[in-house]
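K.L.:
These protein sequence lines are chains A and B, in that order. Following the working numbering, the numbering of the first sequence begins with 1 at its first residue and continues without gaps. Following the working numbering, the numbering of the second sequence begins with 1001 at its first residue and continues without gaps.
Think of the hints as simulated: they come from the structure by calculation, not from any bench. Where a beta carbon is used, it is the ideal one built from N, C-alpha and C, also for glycine. Warning: the hint list may mix true and false statements.
As the list claims (entries may be wrong) - Computed footprint of chain A on chain B; a stretch qualifies when at least three of its residues, placed anywhere within it, have a C-beta under 8 Å from a C-beta of chain A: (1) 1043 to 1049; (2) 1103 to 1116; (3) 1122 to 1134.
Claimed, not checked - Short, incomplete list of chain A residues facing chain B, as computed with Cβ under 10 Å: (4) H66; (5) Q71; (6) A76.
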Amino acid sequence: MRKKPYGCLTLPGLAAGLLTVLVVSLTGILRGGTLFSPGSLNAQAGTLLGGVTSHAEIGGRCSACHSFFWQSSRMADRCVTCHMDVASQLNDPTSLHGVQYQENSNLTCRICHPDHRGLSASLTDMSMVHINHETFGYSLNAHQQQVDGTPFACKTCHVAGYTAFDQIICFTCHQQINPDFMFSHQQAYGQDCLACHDGIDTYGSDFDHDTTAFQLVGKHNQLACVDCHPTARSIADLKATPQDCYSCHAGDDAHQGEFGAGCATCHTPDGWLPASFDHALTRFPLTGAHTQIECTQCHNTLTFAGLSLVCSSCHTDPAIHAGLFAGMTCDQCHSTSAWAPASFNLNHPAQCDDENCINHEEASCRDCHPDSLSTATCLKCHSSNNPDDDHGDDD
Amino acid sequence: MIGVIGFVLMLITETLYSLRKRSRKGRWGSMRAWLQFHIFTGLVGPYMVLLHTSWKFNGLAGVTTLFTMIIVISGFIGRYIYTRIPRTLDGIEVTNITGQAQAAVLVRSRQMLAIWHAIHIPIGITLFSAAIIHIGAALIYATLLR
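Full structure from sequences and hints, please.
P.N.:
In structure tokens:
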């Protein structure tokens, strides 16, 4: 019995194998490497580089991009043969290519820029590479999900390309979150969002003003940012906002600058009133009835410093004095507690030397001088103004 | 990776099945079991290859996929011709057939199986040749790409 050939090594089998190799070889010779192409090269026309405007135009010339493993040059080397602008960007730390390359020098062009994906497929696919977005001065910490809960894609913000960003996109999305705030915020601060916002909410919704050197208490808590930072247009501007009261409240000064800029000596952020001015620190400590009156009763012209300490600067000589005390000061007879009783300690012109008469010492001024000290009446106690009439009989 | 596993399944089952069929010394496993294994791997392997294509059939890779599908269909056909021939439990043909009609059917079936075999094997060789060149190209242009 003739021994059967091993397995596939039949004549038709061998012929089929040989034919396949021949057909593949011939096709390879006639049509180049397209036989091994996994898909069409991109046909989107761009700038004329290396004699072509699209990758599709170099289809079939595999070695234009592909380097065999025994060759020294790599595919990336061949990319920059045409894309010379990218070659220079790799050394520029401010460019997207430069940042990526310097963070990971093993990163090759094709990781982000695959081809053979069809005539019109995108030549950039960042899904295979991690972008440390903070490198570009903007963290994506607060931009993980959109308003509707869907995750952010690169193109959500970078509509016109990965290296371009139009800040109107900030406004477009954020006005959906809080339209009123966004409108007023933009009116106040303009459209350069990135000047203050860095994506980690340094000055975003979670910003805690108490972490700064100027903690917000009292009525300061109710203010909008723009009330204190009206001209700020950058983080540096915000940090440079003066912290003294007078920088903001100069226009509110009821004292017209007389007390200087130290508002906090008397006032707190809870309100201008009540103010806690300690009058004892002045040349005129308040005592007696002076402690019960409003500031404006003395400072009626809202002049607070340099007022005269003389009583008569506020108190006019009353009619009852009848001008008898010209040249004297009030405090020679009166205290700040009250006008009466007064301690008149001068020699009284009308002396009663009757040893039995003691009531005159207990009488008040007005008992005898109800209207004026220049006139006297005895009638409050006596039946006659004549001391000789029934003197001593009344008691 | 899934394509590699699929290819290895197809290749191994083909070579082992052929070896077993022609082996006269070591009777390792029954022919029936080997055929069932060949059918199993001949279905699972191509399925994995089909997944590997990600539904793109360009160039030589597309041709290889086409031959993979043809060989599967051919296998189905062969399997039904095969069942027309009486066999022992071990899968060996029964030779002492009696009856004219039965004998005629058997002869026709054997002829059909021989024709099918003459076609199935070259298709398989074509497929494996194309697949090996495809693998070589993938190694050069993609896997070993620098």
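K.L.:
I'd like to know which numbered hints this structure contradicts. Please list them from smallest to largest.
P.N.:
1 and 2
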